[in-house]
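**Student:** Line by line, the protein sequences are chains A and B. For the first sequence, position 150 matches number 153 in our numbering, and the numbering has no gaps at all. For the second sequence, position 347 matches number 406 in our numbering, and the numbering has no gaps at all.
For the record, the hints were derived by calculation from the structure and aren't laboratory data. Glycine included, each C-beta is placed from N, C-alpha and C at the ideal position. Hints are supplied without guarantee of correctness; some may be wrong.
What the hints assert, rightly or not - Here are a few chain B residues that sit away from chain A, every Cβ distance over 10 Å (derived from the structure):
1) 76
2) 134
3) 138
4) 299
5) 302
6) 425
7) 440
What the hints assert, rightly or not - In silico DMTMM-like links for lysine to aspartate or glutamate, alpha-carbon gap of 20 Å or less:
8) B:99 to A:203
9) A:116 to B:87
10) A:116 to B:86
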Amino acid sequence: MAKHETPLLDQLESGPWPSFVSDLKQEAEFRAKNEDNIEYQIPQDVVEDLLGVLELSFKHGRTHWKHGGIVGVFGYGGGVIGRYCDQPEKFPGVAHFHTMRVSQPAGKFYTTKYLREICDLWARRGSGITNMHGSTGDIIFLGTTTPQLEEIFWELTHNLNQDLGGSGSNLRTPSDCIGQARCEFACYDTQAICHDLTVEYQDELHRPAFPYKFKFKFDGCPNCCVASIARADLSFIGTWRDEIPIDQEAVQAYIGGEIPPNAGAHSGRDWGPFDIQKEVIDNCPTDCMWMEDNKLMIDNKECNRCMHCINVMPRALRIGNDRGCTILAGAKAPILDGAQMGSLIVPFIKVEEPYDEIKETVIEPIWDWWMEEGKNRERLGELMKRQGFKKLLEVTGFKPDPRMVSEPRTNPYIFWNEDEVEGGFKRDINEFRKHHQR
Amino acid sequence: MAFVSSGYNLDKPMENRITDIGPRKYDEFYPPVIAKNKGKWKYHEILEPGVLVHVAESGDEIFTVRAGGCRLMSVTHIREICEIADKYCGGHLRFTTRNNIEFMTDSKDAAMALKKDLESRKFPGGSYKFPVGGTGAGITNIVHTQGWIHCHTPATDASGPVKATMDVLFDEFKDHRLPAHLRVSLACCLNMCGAVHCSDIAILGYHRKPPLLDHEYLDKMCEIPLAIAACPTAAIKPSKVEIDGQKVNSVAVKEERCMFCGNCYTMCPSMPLADTEGDGIVIMAGGKVSNRISEPKFSKVVVAFIPNEAPRWPQTTATIKKMVDAYSKDANKYERLGEWAERIGWERVFEKCELEFTHHLIDDFRDPAYFTWRQTTQFKF
């Protein structure tokens, strides 16, 4: 017998998509039975109360969680988000229900051994409810009490060799795409740099010293599977600057219908026979492809590496061999002054261990500027807008490049520096008046 | 419920403390075939919805079966995932950015047996535990935020509307029949923990009533200057209010200036916005993050408000279904929803999707607004 009636939530148990309600109920039942005699360190009926408070929100159309309180583990300013229920008498099991962010491994590969250890810890000391994974990428432990925070942190670090992730005005846990681990499009090892920077910048990740949150995300190619260009303060997007190697035999195999286009992504509908002219050449945004003597030709100098032709014919076309990444800065969601896409600041940089050039010429100068000039809760993109792109060039020393803009400015309101103008700004009004009467 | 110590000593928190060790190193968790062929993959193919093969230069193959996952997941469910991965995948698995679970095997036969096994597992309520799909020109899992399950600022739930929407879009999760892939995302408030602002279809929770003012507690719980500074439209000013004959410091809100972003509530718990009738869903469309063919795009608001209709949000899901169907019928192969909209014109999109165009959809927020008004005689009747 369930502790709380949940008639509204029960309606989400039917239908084909996995029901989180059914899953919560199975966890509630698992805890109630406790066949493994687990010494639960938070209320055994925590999931029952979670279902109860969620049902109440479904009834009211409003959340029943309060603002977070200041809780955390000693010495860290992030990784734990305090959460309290605003109906603690009705739902005592979730009266304290703090989140812990656990820093996920790059690429989100796991062994079952590790996941079971995580599950055992979280079933014992928390609600047993997780997010796999949170939006930023962390493993999320959803709901525990204040006294358990240090105990969980101790077990994570001592027994699982595992640290917490970022929250608050910190570096947030960096995340990446699957990259070279299993993708032929990846132009650099996203996991290697994601892990390296996460470890290098542990202090920035755990101890709030920034004006606001800061995110790194690593996409192996311009397809942008982790959406870095839309949501990372610094997005690293793989690219190349030489030719796209072409396997002309494979091109013919696509034309002849022997290989399905786009790796079979369109198999559910009859789109007619593959038409390379219509599907690839005419869709090229730079018109840099054509057929000549039955061979596919590419004017690589004009290619902007949009990935379309490679996506359509992955067995015929490959990413180039002179690989690196493009870095864009300042993406963010709408809070406060509207959403921003990342803006290009480094057209091309090699991505090679130990990544000193990226750290010393890109990340750290930008952080220094933002920490000095950024207002409370101002994201990098907003600072860029407020102080201008020129300032970003000044602090990084990057040379201005037409690749940094989609078009030059449409107004002449240039903030000339005094040292750029012959003779400077100091002039003598009396000298001027000798030739120009009042 | 006896307290069991982990070894942590409350009186000496620094004793034997381990900090700043970061995440586990990724390559500890690679399946052997991944470790061997990393960086040397030649090509991939989607054999059927939800089943991929990647072929390495060495000739090695890895077969991936992708199953939809709820990001809200119990340890019991994770243990079941582990049991499956032990049986078919040598104890390895991974999760995707969009909360799917990927099981990897080294033979096609094993992948097919795995797929069959995954699809045979159901919850008592009838839903699949591990539906296979989410690849190619279809709809994969909806990335989302916390909603009413765990957040203090949401204007809608997350897991609920996602479940309801995925039930309605389930056939597209299982198929490859759309013109291109279509990404649906949900954020339960404007803070957008997920990148819904660049999605083909975005479901966004939004408030429509200005904050309530808990005058009696406001000055005790909040830094008034921070609350005032938090407002992007300068709608908040300091005020003095009389409560039980006592003058207390508080704030006043110029209601016509409020655009309901909730940033004040983030800074000040005494200014809650949540409201049963006021809160609901905004639908946005036409965004993308990929650089393929056209540049990445922001999503545009196409429906200003749909009420929260727990538990199944029928108007929201019906609107999304209508948009997906119109796009599916009309777009060219490879064309994303936003590219389709730009080709045919947004006036046509509203017509084809049977959406009403209202004044709410014309931008009036700062400079970018002007650039969205039409400055040409080129339009369609």
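**Student:** If you check each hint against the structure, which ones fail?
**Tutor:** Of the numbered hints, 1, 2, 3, 6, 8 do not hold.
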